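Asks: Given next are the chains, with one letter for each unit.
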Amino acid sequence: MRNWLLPEHIADILPATARQVESAKAAMLELFRTAGYELVLPPLIEYADALVSEGDSALDIKTFKLDDHLSGRQLGLRADITPQVARIDAHLLSNRTGVTRLCYAGSVVHARPSGLMSSREPLQVGAELYGYAGIEADLEIIELMLATLRQVGVDKLRLDVGHIAIFRGLAAAAGLAAEETRELFGALQSKDIATVRELVAEVAEPYKSAFLALPELYGPRQVLDKARTRLPSLPEVELGLMQLTAIANALDGQVELSFDLAELRGDFYHTGLMFAAYAPGWSEALARGGRYDNVGRKFGRARPATGFSLDLRDLVRILPERDAAQGIRVQARDLAAARDAVAALRAGGERVIIDYLGESAVALDCDRELVLAADGWQVVPFN
Amino acid sequence: MTLTIALSKGRIFEETLPLLAAAGIVPAEDPESSRKLIIGTNHPDVRLVIVRASDVPTYVQYGAADLGIAGRDVLIEHGGAGLYQPLDLNIAKCKMMVAVQNGFDYDDAVKHGARLKVATKYPKIAREHFAQKGVHVDIIKLYGSMELAPLVGLADAIVDLVSTGGTLRANNLLAVEHILDISSRLVVNQAALKLKYNTIQPVLDAFASAVPA
Chain H
1 MRNWLLPEHI ADILPATARQ VESAKAAMLE LFRTAGYELV LPPLIEYADA
51 LVSEGDSALD IKTFKLDDHL SGRQLGLRAD ITPQVARIDA HLLSNRTGVT
101 RLCYAGSVVH ARPSGLMSSR EPLQVGAELY GYAGIEADLE IIELMLATLR
151 QVGVDKLRLD VGHIAIFRGL AAAAGLAAEE TRELFGALQS KDIATVRELV
201 AEVAEPYKSA FLALPELYGP RQVLDKARTR LPSLPEVELG LMQLTAIANA
251 LDGQVELSFD LAELRGDFYH TGLMFAAYAP GWSEALARGG RYDNVGRKFG
301 RARPATGFSL DLRDLVRILP ERDAAQGIRV QARDLAAARD AVAALRAGGE
351 RVIIDYLGES AVALDCDREL VLAADGWQVV PFN
Chain V
1 MTLTIALSKG RIFEETLPLL AAAGIVPAED PESSRKLIIG TNHPDVRLVI
51 VRASDVPTYV QYGAADLGIA GRDVLIEHGG AGLYQPLDLN IAKCKMMVAV
101 QNGFDYDDAV KHGARLKVAT KYPKIAREHF AQKGVHVDII KLYGSMELAP
151 LVGLADAIVD LVSTGGTLRA NNLLAVEHIL DISSRLVVNQ AALKLKYNTI
201 QPVLDAFASA VPA
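Here the protein sequences come in this chain order: H and V. Following full-length UniProt numbering, the numbering of the first sequence begins with 1 at its first residue and continues without gaps. Following full-length UniProt numbering, the numbering of the second sequence begins with 1 at its first residue and continues without gaps.
No lab work stands behind these hints: they were computed from the structure. Note that this is a predicted model, so its numbers are computed, not measured. Be aware that one or more of the hints could be misleading.
[Said to hold, decoys possible] A few chain V residues that face chain H, going by a derived Cβ cut-off under 8 Å, partial list only:
#, residue
1, 80
2, 83
3, 106
4, 143
5, 144
6, 191
7, 195
8, 197
9, 199
All residues carry an ideal CB built from backbone N, CA and C; glycine is no exception.
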C-alpha cells in the first residue's frame, strides 16, 4: 500500500524550507504592521455562497465543497482569502466608516491547481485597503507589494500594470452581450488577435478598431500615448489612461515598469487598476493585485477596495539560500553538568543540540561545540 | 538577453525559416540531418529547441522556451493556458475534417441521433464540434493512423487534419465535414514577453512583417 503518497499538487514543506517560509511570513506580517495593516485570521471553512460571488465560475470551480450537517447548507474550503477579508470589512467592521487596512496569511485550498506547477494548497499572504477610492490607495498597495517582495530578497522586479475599466467601458459602449464580452475577454487575455478579429467582425467602429488595438497595447510607458491615439475617448478610457499615467509618474525610477491594456488576468471581481510583479527566471507573476470596489456589496456594504496577494509557497522557491550551519553541539554525557550553560546559550538565541550518538558536525548541522575547559564550559569550533 | 524558440521538425520548421530570416536569425544546422535537440543560430543569444509539435505549448508555458510555433489544432487541445498567441503565421495550413468510409451514410447516422463512434488524435476539437451539432459521440483517442479505424470497424468516423486528401483517398475514405481551418501560430510565454520585451518585440514585429498572405 502506498499510503505515503500525497495527492497531485499537494506537498509537504520540509525542514529547511519550512523555517524559511515561517520567517518570511513573520517578516511580511511585521512589514504590514508597521504600515498600519491589522491582522485578521478568517476561517478555513465557511458557507460556499459567501466564498464565491455569483458568476465567478473560475473561483467556483477551484472551491472544494462539502455539506454542513449542522445547517444543511453547503460549505466551501476557501480558495481565496480576499472575499473573506472583504466580508469582514463590509460586515463585522461596518461601524468603521474611515479607511480600514487589513492583512492576512493563511492556507487556501484549490480543487484544481491554478497552473501546471502550482500547489493546490497555496499559502496566501496579502494586504487590503478599504474605504478610499483615490489612486493614492492603489499606489500605497503597489509600494507595499514591492516592499514585501524586496524585503524577502527579490530585487530585480518588473511591475506590469493594466486597467480593466478600459475594456469594460469599451464593451459597454459597443453594446456587447454578456456572452460576447466573456469570449472577447478570453481572446484578449491570450492576445489572440486572430480570434479577436473573428469576434469583433460585426462590432461597430470605433470600438472594432479599439478591440483590435488592445492586444498590441503593451510595453514601456510610450504605450499610454499610443493608446490615447488608438482608443476612443470614453470616460472609462480617459480615467484608465489618466490613472495609468499617474502610476507611471509616481513609480518612475523606482522599479522596471511596463503596461498592458489587454492584461485582464486578475480575478473576476476587479474593477480598476490591476498590477503584477514579475522577476527574471520566473514564468509566472510573483504577486498580483488590483482594485475591486464592489465585492463588499453582497455582504451589505460596497466599499472602495484595493489590495494584493502572493503565494508564499511559490515565492519561497526563489528566496536566497539559508545561512550556513549555526549551532552548538553538547554531548549527552555532559548534559547534567552543563545544564545551566546550555540554558544560558539557548536563552541567548543559540541553537544547542544534544548529541546522543556521537554524530558529525554535518549531520548535526553544527559549527561549534560545548566543552569543559579549566575555567568552566566553553564554546569552541567543531568540525 | 537569451532567447529560446521551440519548433517542431518537418513542415513547420521549413515554413518558419523565411520568418526567422526576416528577424535576422539563421539556424546553424538543419534539424532533419542533425540529431541535436538544441540548435544554435548566427546569434549567440538565440537558440532553437526541437520538440514534438504537440509539446511546443508545454515548453513555452513552463518558460523552458520563450517563443514557440504551434498549430492551431495543438493549441486548442492544449488549452492555451499561460500563453500569448499574438500572431497567426499563416503557415503549415490544412483543414480539420470529419471523414468516413466511402458508402457510410454520415448524414443519416447524424440525423438518427444515435451515439457515433469517432476516432481522433484531437478529442477536444471533436467533442466540441459534435456538441455544437447536437450529436452524442464516443471518442476513441488514437495517436496515429486514424484512417484505419473506420476500415476495421473501430469507429464510424474520424476527425483528422487533411492537407491534400491523398491518404483519405488511398484508404477509401471521404471527407464529409469541415470543422476548422488550421494554420500555425506564434506563442509567447507571458512572463517572458514582459521581462524580455526589448528582445522579443523586434522578433514579433519581424515575423508580422513577413507573414505570407
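Asks: When the nearest CB of chain H is found for residue 83(V), is that gap smaller than 8 Å?
Replies: Holds - the Cβ of residue 83(V) comes within 8 Å of chain H, reaching about 6 Å at its closest.
Asks: Classify the hint on residue 191(V) as holds or violated, based on whether any CB of chain H lies nearer than 8 Å to its CB.
Replies: Interface hint status for residue 191(V): holds (5 Å vs cutoff 8 Å).
Asks: Less than 8 Å between beta-carbons is the criterion; does residue 143(V) satisfy it with respect to chain H?
Replies: violated (22 Å)
Asks: Would the hint on residue 144(V) be counted as holding, given a Cβ-Cβ threshold of 8 Å to chain H?
Replies: Because about 26 Å separates residue 144(V) from the closest Cβ in chain H, which is outside the 8 Å limit, the hint is violated.
Asks: Against chain H, is residue 197(V) within 8 Å by beta-carbon distance?
Replies: It holds, given that the least Cβ distance between residue 197(V) and chain H is near 6 Å, below 8 Å.
Asks: Should the hint that residue 80(V) touches chain H count as held when the rule is a Cβ pair under 8 Å?
Replies: holds (6 Å)
Asks: Min Cβ distance, residue 195(V) to chain H: is it shorter than 8 Å?
Replies: Cβ of residue 195(V) sits 6 Å from chain H, so the hint holds.
Asks: Double-check residue 199(V) for me: the hint is only fine if its C-beta lies closer than 8 Å to a C-beta in chain H.
Replies: violated (12 Å)
Asks: Hint residue 106(V) vs chain H: min CB-CB distance below 8 Å?
Replies: Residue 106(V) check fails; min Cβ-Cβ to chain H is 27 Å, beyond 8 Å.
When each numbered hint is compared with the structure, violations occur for hints 3, 4, 5 and 9.
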